[in-house]
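Number of protein chains: 2
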Amino acid sequence: MTAALEMTRLGYACTLLEARGSAGGRVLTLRAGDVVNEVDSSQSCQFDFDEDLYFNAGPSRIAQHHESLLGYCREFGVKLEAFTNDNRGAWLHSPGAFDGQPQVARRLLADTRGGIAELLSTAINQDALDQALTEADKANILAMLRQFGDLDINNSYSGTPRAGFPGQENVGGRQRGELLPARRLQDLVTEFFWELRLSFSQGFDQQPVMLQPAGGMDRIARAFESRVVDDIVFEAEVTEVRKTADGTRVIYEDRSGTSSTLEADYCIVTIPAPVLAGIANDFSAAHQAEIAGFQYSSAVRVAFQAPRFWEREHNIYGGITWTDQDITQIWYPNHGFQRETGILVGAYIFDGAAGNRFTDMPPATRIDTTTAQASNVHPQIRDQASNGISVAWKKMPFQRGGWGMSNPSVLLTADDSIVFAGEHLSILPGWQEGAILSAYSAIDQIVDRDRGA
Amino acid sequence: MTAALEMTRLGYACTLLEARGSAGGRVLTLRAGDVVNEVDSSQSCQFDFDEDLYFNAGPSRIAQHHESLLGYCREFGVKLEAFTNDNRGAWLHSPGAFDGQPQVARRLLADTRGGIAELLSTAINQDALDQALTEADKANILAMLRQFGDLDINNSYSGTPRAGFPGQENVGGRQRGELLPARRLQDLVTEFFWELRLSFSQGFDQQPVMLQPAGGMDRIARAFESRVVDDIVFEAEVTEVRKTADGTRVIYEDRSGTSSTLEADYCIVTIPAPVLAGIANDFSAAHQAEIAGFQYSSAVRVAFQAPRFWEREHNIYGGITWTDQDITQIWYPNHGFQRETGILVGAYIFDGAAGNRFTDMPPATRIDTTTAQASNVHPQIRDQASNGISVAWKKMPFQRGGWGMSNPSVLLTADDSIVFAGEHLSILPGWQEGAILSAYSAIDQIVDRDRGA
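Sequence lines, in order, name chains H and Y.
So for the first sequence, this note's numbering puts the first residue at 1; every next one is plus one.
So for the second sequence, this note's numbering puts the first residue at 1; every next one is plus one.
Hints are supplied without guarantee of correctness; some may be wrong.
Copies of the same chain look alike in the list, so a pair counts if it works inside one copy or between any two.
Derived SDA-like pairs (lysine to any residue); straight-line CA-CA distance at most 25 Å [said to hold, decoys possible]: (1) LYS243 with ASP324; (2) LYS138 with ASN155; (3) LYS138 with GLU191; (4) LYS79 with GLY336; (5) LYS79 with ARG227; (6) LYS243 with ASP231; (7) LYS79 with GLN384; (8) LYS79 with ALA32; (9) LYS138 with ASP187; (10) LYS243 with SER22; (11) LYS138 with ALA123; (12) LYS138 with ALA97; (13) LYS138 with THR190; (14) LYS138 with ASN154; (15) LYS79 with PHE49; (16) LYS138 with ASP230; (17) LYS79 with ARG242; (18) LYS138 with ASP324; (19) LYS79 with GLY352.
Keep in mind that the hints were calculated from the coordinates and are not lab data.
In this text, all values refer to a predicted model and were calculated from it rather than measured experimentally.
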């Protein structure tokens, strides 16, 4: 849709062939009554009808520097609100650590910073780093480390209010007497799991502030769609992409199986590689080979409707809890705070063996498995979560994968008059910003060629 | 209002004497047409009329574990949204560092973590910490530090995507080739200023997720007020607080100077100490002495209306920029993203010499000074910011200070039938949650006495 919108603005006549009844690809926001048809199953979304009860099964967050996407939000008037990755009140859980008791993020983070700062202070005070540091450097760094780790005046770490207070790690703080005992760094790092998760929100594309459209991620796709809708042929499943003497020819079928043909000077192919690999084409052998070998993530998401026990009982307002079980992440809604119910993402599995295991399950088994694992973190889920629904992207028709995980090469260049685009061909795979940047690149290839020819 | 609400629920008949025309104390949200009358000046708020154009001149954020306050928000139906302290796209600025060029937080944070992790790795690899760490500890910690600082496989830090990309530290990332050069920790810490600010959002009460009421902080105070309004006497300026044989007597004046008298079994005094010190009373010498000596912050805030250049030109969506000038902080609005204009807090000064300097200025001088200093960070402010307004809490009638900065002692105990309450007498001075907890404590004192008597 980005390519069509911008090429139309440049004076090109565009036609979009969309296999489904609405455009937006993997942007999928599920609400009451929506149907999820995977290749071998069908689910109906049973959430209550309510504007806050939606489930972003695909992209769910926007980095504040994804300025192309955000520029369209501004232009289209899509209302934005904050999305949280790093909630210090959310939890980390590993069945094998701390007797399986979830740990509040603030405590693990505070102890990690404290331990690192104390150890480095010890080394500096033992003159172990005198080759690298002057006396002035050492004094400056020791002072900095006291702030960094909340150390005492002797640069020792013996706990900090940053961790919360005993018995109140997660439920407020009416009493603030003694500190929680400091955990030694060497004991924390036996669970390497923790630090991996604690560093997640340091990533350039995951740092605060993250944003989300109010009302669901598909607000952006719908805004795009409304601007190019006259050029879209819906329920047009492409069956062939051909080269002609002076351009391209695409054959597509409507729902009844009736074929149509579209000829054009150029064709921008944004079909995900796993789907494209099964479509008859005239691509070069090198393009075909890269398409055939392109790997995609096995992303799976499972969501429930539930009363907001995480807010009422645990003071968790948005953000992500991590668990070292297959379900990987639990997401709390970042909107509709303090309403009676909300949509809880009970599992967000990115890829790998766990993703494949969940993809292979029938939807009911995914729900049961998620309920069982998520209940190890929040026992309330067993009785209170309902209306579960799941999306396994490798089983979604016309998508057949979460996002591209191969490094593109040949597909970044045109194949005669055929140009390729999509998140998988961008520097930001898996992000809507990536899909837009890739569209810009496809446009550049066509415009440059028309200017140069 | 908390005490009145809860004591009424317990069966007590309560009367609130409120010096102003509306209740809420230092909860002050300014909108178009509002007037700020300090003791020696008057300002009128010139913002455009718009629901998103408001300025919280007092409390502005709520920690997600401030569960008493949040409980009232839930009960009252006050809609909440996220508030950001830690925006990695916001800036840090010191006139004396980096030629006065603001630095994007993400880069300073990434280099700080990288430098700490590399130095500690070096010390560990030189066996400097072998007294404290086993070989297994060392291997675990080295692996953790690679994640923590984004080090290479040799535990060296040579830059990271977490810092942003050259020329694109703050404006997105269409090109992601080479990394920004890594800055050495010993060079960063010559500006101790940085780390102080970088650790701010680690604090228990400042960690993510922070919350704010949609539409302005006074939504909470207004909700309280509507529930106790029948018991409030507005524009009732207390002139005397007396003890009687079996209770208390309060004398107050209305706007015309007419005196009234109220007798009650108990009196809960929530008047800020600097104001209370000037009211005739029968308090014990110890209570009087603590009131007379109670120190308050010299908090000052200055706000402007401005087109949202911070979003459009710098991809900053909410959060705080720090500067080592008197103005201390610049706050970007955490709501109304991508609207044409917003309210920018151009200065938030907590206390100390800078707070006193700004308090002593006439409002127009505060605006000019803030414009000059804030323009060193964002030059756009000079031409684009307008409709400036300021609040210096030490000059606000009936308040005369930001928040309590002394440790309470005698005031935590009743003086016969007179009980004291307020944020300054809580474990959370400066926070609305603290005022509520203090009210609970005052209620406990009265109820315990009635039960025990």
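Each hint, compared with the structure:
Taking identical chains as interchangeable, the C-alpha atoms of LYS243 and ASP324 are never at most 25 Å apart, the minima being 49 Å within one chain and 63 Å between chains. For the homomeric pair LYS138 and ASN155, the shortest alpha-carbon distances inside one copy (12 Å) and between copies (20 Å) are both at most 25 Å. In this assembly of identical chains, LYS138 and GLU191 lie within 25 Å of each other by CA distance solely across copies; the values are 14 Å between and 31 Å within a copy. Taking the shortest alpha-carbon separations for LYS79 and GLY336, both the intra-copy value of 15 Å and the inter-copy value of 8 Å come in at or below 25 Å.
Taking the closest pair of Cα atoms, LYS79 and ARG227 come within 25 Å of each other only inside a single copy of the chain (17 Å); across copies the shortest separation is 33 Å, beyond that limit. Taking the shortest Cα distances, LYS243 and ASP231 sit within 25 Å of each other inside one copy (22 Å), while across copies they are farther apart (82 Å). In this homomeric assembly, LYS79 and GLN384 come within 25 Å of each other (Cα to Cα) only across copies, at 24 Å, whereas the closest approach inside a single copy is 31 Å. Taking CA atoms no more than 25 Å apart as the test, LYS79 paired with ALA32 passes in both settings, with 22 Å inside one copy and 23 Å between copies.
Taking the shortest alpha-carbon separations for LYS138 and ASP187, only the inter-copy value of 11 Å comes in at or below 25 Å, while the best intra-copy value is 27 Å. In this assembly of identical chains, LYS243 and SER22 lie within 25 Å of each other by CA distance neither inside one copy nor across copies; the values are 27 Å within and 75 Å between. Taking the closest pair of Cα atoms, LYS138 and ALA123 come within 25 Å of each other both inside a single copy (10 Å) and across two copies (14 Å). Taking identical chains as interchangeable, the C-alpha atoms of LYS138 and ALA97 lie at most 25 Å apart only when they sit on different chains, with a minimum of 20 Å there against 36 Å within one chain.
When the C-alpha separation of LYS138 and THR190 is checked against a cutoff of 25 Å, the pair qualifies only between copies, where the shortest distance is 11 Å, while the shortest distance within a copy is 29 Å. When the C-alpha separation of LYS138 and ASN154 is checked against a cutoff of 25 Å, the pair qualifies both within a copy, at 14 Å, and between copies, at 23 Å. When the C-alpha separation of LYS79 and PHE49 is checked against a cutoff of 25 Å, the pair qualifies both within a copy, at 21 Å, and between copies, at 20 Å. Neither within a single protomer nor between protomers do LYS138 and ASP230 lie at most 25 Å apart by alpha-carbon distance, with minima of 67 Å and 63 Å respectively.
Proximity of LYS79 to ARG242 under the C-alpha cut-off of 25 Å is found in neither arrangement, the shortest distances being 41 Å within a copy and 55 Å between copies. In the homo-oligomer, the alpha carbons of LYS138 and ASP324 lie at most 25 Å apart only across protomers (23 Å), although the nearest pairing inside one protomer, at 39 Å, exceeds that limit. For the homomeric pair LYS79 and GLY352, neither the shortest alpha-carbon distance inside one copy (35 Å) nor that between copies (40 Å) is at most 25 Å.
In the structure shown, a violation is registered for the earlier hints numbered 1, 10, 16, 17 and 19, in ascending order.
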